[in-house]
Amino acid sequence: MEWANQLCENRQFGSKMTDSKYFTTTKKGEIFELKAELNSDKKEKKKEAVKKVIASMTVGKDVSALFPDVVNCMQTDNLELKKLVYLYLMNYAKSQPDMAIMAVNTFVKDCEDPNPLIRALAVRTMGCIRVDKITEYLCEPLRKCLKDEDPYVRKTAAVCVAKLHDINAQLVEDQGFLDTLKDLISDSNPMVVANAVAALSEIAESHPNSNLLDLNPQSINKLLTALNECTEWGQIFILDCLANYAPRDDRESQSICERVTPRLSHANSAVVLSAVKVLMKFMEMLPKDLDYYGTLLKKLAPPLVTLLSAEPELQYVALRNINLIVQKRPEILKHEMKVFFVKYNDPIYVKLEKLDIMIRLASQANIAQVLAELKEYATEVDVDFVRKAVRAIGRCAIKVEQSAERCVSTLLDLIQTKVNYVVQEAIVVIKDIFRKYPNKYESVIATLCENLDSLDEPEARAAMIWIVGEYAERIDNADELLESFLEGFHDESTQVQLQLLTAIVKLFLKKPTETQELVQQVLSLATQDSDNPDLRDRGYIYWRLLSTDPVAAKEVVLAEKPLISEETDLIEPTLLEELICHIGTLASVYHKPPSAFVEGSRGVMHKRLPARTGSGESTESPDVGTIAGGSGTETAPSIIPSQGDLLGDLLNLDLAPPTTTGPPPPTSGMQMGGMDLLGGGLDSLMGDESEPLGGDIGGSAAMGAGFGAVPAVMPASLNAPMGGGLGDLFDLGGGVGMPLGAYIPPKTVWLPAMKAKGLEISGTFARRAGVIQMELTLTNKAMSVMTDFAIQFNRNSFGLAPAGPLQVLSPLSPNQTIEVSLPLSTVGPVMKMEPLNNLQVAVKNNIDVFYFSCQYPISMLFVEDGKMERQVFLATWKDIPNENESQFQIKDCHLNSDAASNKLQASNIFTIAKRTVEGQDMLYMSIKLSNGIWVLAELRVQTGNPNYTDLEISVKCRAPEVSQCVFQCCEAVLKN
Amino acid sequence: MIHSLFLVNPSGDIFLEKHWKSVVSRSVCDYFLEAREKALDPEDVPPVISTPHHYLISIYRDKLFFLSVIQTEVPPLFVIEFLHRVAEMIQDYFGECSETVIKDNVVMVYELLEEMLDNGFPLATESNVLKEMIRPPTILRSVVNTLTGSSNVGDKLPTGQLSTIPWRRAGVKYTNNEAYFDVVEEIDAILDRTGTTVFAEIQGVVEACVKLSGMPDLTLSFMNPRLLDDVSFHPCVRYKRWESERVLSFIPPDGNFTLMTYHVNAQNLVAIPVYVKHSINFFESGSGGRLDLTVGPKQTMGKTVEGVLVTVHMPKTVLSVSLNATQGSYTYDNATKVLVWDIGKLNPQKLPNLRGSLSLQTGAPKPEENPSLNIDLKIQQLAISGLKVNRLDMFGEKYKPFKGVKYITKAGKFQVRM
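One line per chain: the protein sequences are A and B, in this order.
Numbering that gives the first Met the number 0 applies: residue 0 is where the first sequence begins, and numbers increase by one.
Numbering that gives the first Met the number 0 applies: residue 0 is where the second sequence begins, and numbers increase by one.
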């Protein structure tokens, strides 16, 4: 009985021994009490006190005030106490650099200790103390430890070099540690080799061009030997390093593959995936008819399948990578469809990935199975998943032609369920099926029309309207159906409005007699009652097209549409190749090249698969543009790669949400005349007599050309605002009054929607009454409402900064476009940019933060008081050294000197004097930039010779960098 | 490499942080907590989250989030594997992995984490090595330590750390030398409405408990090794001998470890041990419905199926159930809409049945989604794939060990569509 009691007591004692006691606080003040305990004479009490300090630290409490007291405990024989103090030091040394120096002596002494564990511990801890003063003392002990007789110390020291490099790269190079590290690759101990490789790889990441990991057949051989013997983590580093090697020929590549293949059977999934990467890459070099090539393909499948039975997080990463592998080499997993079947209790992120891969693997052979599964998923609980499953059925139909009929009937079954979101999703995909297989499945239209009333999502409504318009001639009551939508025209989203407009115009062109009233109604709704510039412009285009040349209208609106391509979401081949080289990395998870997003990987070299002769696969770029998508994409603006210091600056800026009210909505400058615009052209539409405008009028792209050719027959009431033809028509959306003459570049797309989760930004800059304005057009091309817009600039050459918040009044609903004008000041922080007029911008909304860069015309910075006194001008001109003068030519400019002078003046380029010498007009001009820099210019205009239309301009400035920008501005101003 | 680790409990509190490089403010976890808020279920939080300056890679295990912060390009699988290793280490040291246990042993956990990574590089993750560096807590030891002032931290370099067999320490000594192997197979399957197998595979694992003195060199052979589709081994297994002779030859770690995992996905080899007869109907009026379930044995190779547990995820509108079970008991959780029927042992003479009525929320329409049914079960002394160990030989040591092999089959993700 007694022993039982004793045991009981022990138990209680034991349970009190937990560390939770370290968290109990006393009234006196914890820090005070700890201080006393730390300075106690009793060893045990000291240790307990340090433990309490560490416990506080782990939960994020600040115990840095105890620094001197804790460091005092460092001189001890008790290893646990020593380790605890080191833990503390690593955390707080940075905040107390002067105090940390106190510890140096102990470190240096410990590096000489006979016990290798203590030597290693000392050098390891020292490397973690990120204080410059300490690193100086670290060099000597580190050098010794790198050559230590004990491999444990050497492998620790190898990692320490990487730490030191992170703190002070220059020091590491100067001290020759990199060479020592390279020597360690040939170390006799595999663990040391692995750590040396890891350290070198990390250092190499910040030195992309250095030849740190000098891979040659000898070193590769050493790595392959070490691969078999080192720890699992070491294997990952070595495999990743191997993947960067470029074998000389297929033989070498095969021998590496042979030695790497056993890694596929490793229990650690990271080792497996790294091995897959090496094999996928080197396989590229093997001839396809080689037996070994086939063997290798077969060996790759089972480990990939096994990865899918691991924990869900591992599965997710594996699936993202399999997605790439399947695109590159579909043959590997083509028989493994079933392992991608979704299980009920998979996390949603796994389900969605599996679905994606199922479609990629879908083929004629397995389509029946896949469809049965997809139909099953469409009845699950999770709405997002169900929607994606329905879409997947549509993608199958488009991908596997033989299955299209089956897919359509499956979709019809699903529509019969009457589950609202399933029906809507099904209608959206059926539209795509119609695009892919025209005139094949139209029999189902009747079923679709039955569900017209239940559609409440814009995308589904738009899809249904498109179908009705496209097949108007087969639907008896198409006009009634479309008319029913027209009733609530203003409450529809832009997407639906645009579709409705197009659909009714199509209907009209097909059945002109009965639908004249309808088309007039929709055109007037679109052009007169709508604030949306896209809708208005499209309305005007149709209107004029119909009124001028209905035959051309028919050619344009009812043109044969290009078929949609099989798979719209394939990764572009060069990116895919690069991603294959990065299997297993973050890049492979995000399907983005590493240069695009990983901070700190400055200037990563783009990796390419090794070339093999005669392998060329090309994928056509998909084109799913809808009819009359008038705004073609301009030259792609540069998106700032998220890396380096610049980004840091941008991100630290405080993005304030908008607080004030926005500008008034732009008013249309256009007054429409009568409603009889359609009169003139209708006859020729009915009678089919006139020739089509040009043989090449096809799709929407040709519309502009066809339109521009017939401005003469334009109705009178439209004349005024449309003077310049189509170009002006498109500009109408900009609607804000422009002061005469000042040059404003046309808006360009700065941030395409696909790079910004659906937010498209285009814009330009203007200077109005001395205020620089950034004029933005924000378009929401996503499915959800965007709110909370804010904007910030990075530091730039002239200190441009927003003078107020971005004024976006109301939430931006899907497909809505708004115009915002943002006043700018020039008092922001300055940093020279390349090119000089480059501006990096961050725009935030409720979804994310996006970055883009744009270039502003430097004329925005020309101030109004830029007219120099003649005397000052002369003196300054002489004063500026001649090497600062640059000369430019402006070709083909039909302007006399007065016209040029006036044009320039409007942009604050002031003419000070004019001289005429030998048939040449010389204009002397001055410009003052917002930051006070003066620019002087001389413009020579040939007046005598009308054939000679080139202008010459010389620019002189104390800051010659701006000359080029100034010239570009002058040219732009003069040519507009 | 791995920069920092945060441990987060389900309510979103960070209760431990460890930094291996510079200190990263815990505010970085806000991005994660935001994603956590958005997810319906803790399991649904995406494992990789990008933030402006860092990447957050997390796992959800034992009702805790292990959240690591990384700054440079690191293989995510490497991080995820490591995080699982941390969870296993805590389990191994303290018997369970929970917030309470970690808080109770916070200093030791912190010391362990420090041993596991250096500057973000894994240093010692083998349980054998770790236990030599930092001894696991026992009641006796903490008493002794308190009395004598000695510590839990070893002051010698772990012997296995640098040898070519890092997983085994030198000088192991036992009075009873024994080696036990458990062959555990899990069936992952999806059966459709009619009971046809849509998909089935077997995940197998050979768990070992080896307590042998000295440096034993073992060889384990199977009667039918060709059965296995894909195998992954503990690093101790000599891959070449497997390739050439299909035998497992290895010097084992000391104690418990996973010798190998394997995969059988040849569909015809996967026997389905039970069948379910089910019917679930909802009345057109939408007021309620009926449920009828029967479970029976199918291909059991003459063994008894036990531990049978049926879980049904009911449609959201099912408010309550009123059922009658001929065997076992059932519970229905209205919050999660999960019906659990604990059957226990399956008696082929008298099949268990669960039937009764379901009532829906008033006014709710007839449910649209199909419920799904998951089954748990256990079969002792059977590896359903038919895998059999042939023999175990020991070389290198003179004594005669006790040997034993156990087989067990379980349901993994075993799902029946209704």
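To be clear, the hints were calculated from the coordinates, so they are not data collected in a lab.
We treat Cβ as the ideally placed atom computed from N, Cα and C, and that holds for glycine.
Among the hints, erroneous ones may be present.
Claimed, not checked - Computed beta-carbon distance windows for the label pairs:
id	chain 1	residue 1	chain 2	residue 2	range
1	A	Thr224	B	Met214	21 to 31 Å
2	A	Lys42	B	Thr335	49 to 59 Å
3	A	Ala64	B	Thr330	20 to 30 Å
4	A	Leu289	B	Met214	58 to 68 Å
5	B	Lys62	A	Asn438	49 to 59 Å
6	B	Ser220	A	Ser408	47 to 57 Å
7	B	Ser220	A	Leu289	48 to 58 Å
Exercise for the section: Determine which of the earlier numbered hints do not hold for this structure and return their numbers in increasing order. Expected result: The structure breaks hints 3, 4 and 7; every other hint is satisfied.
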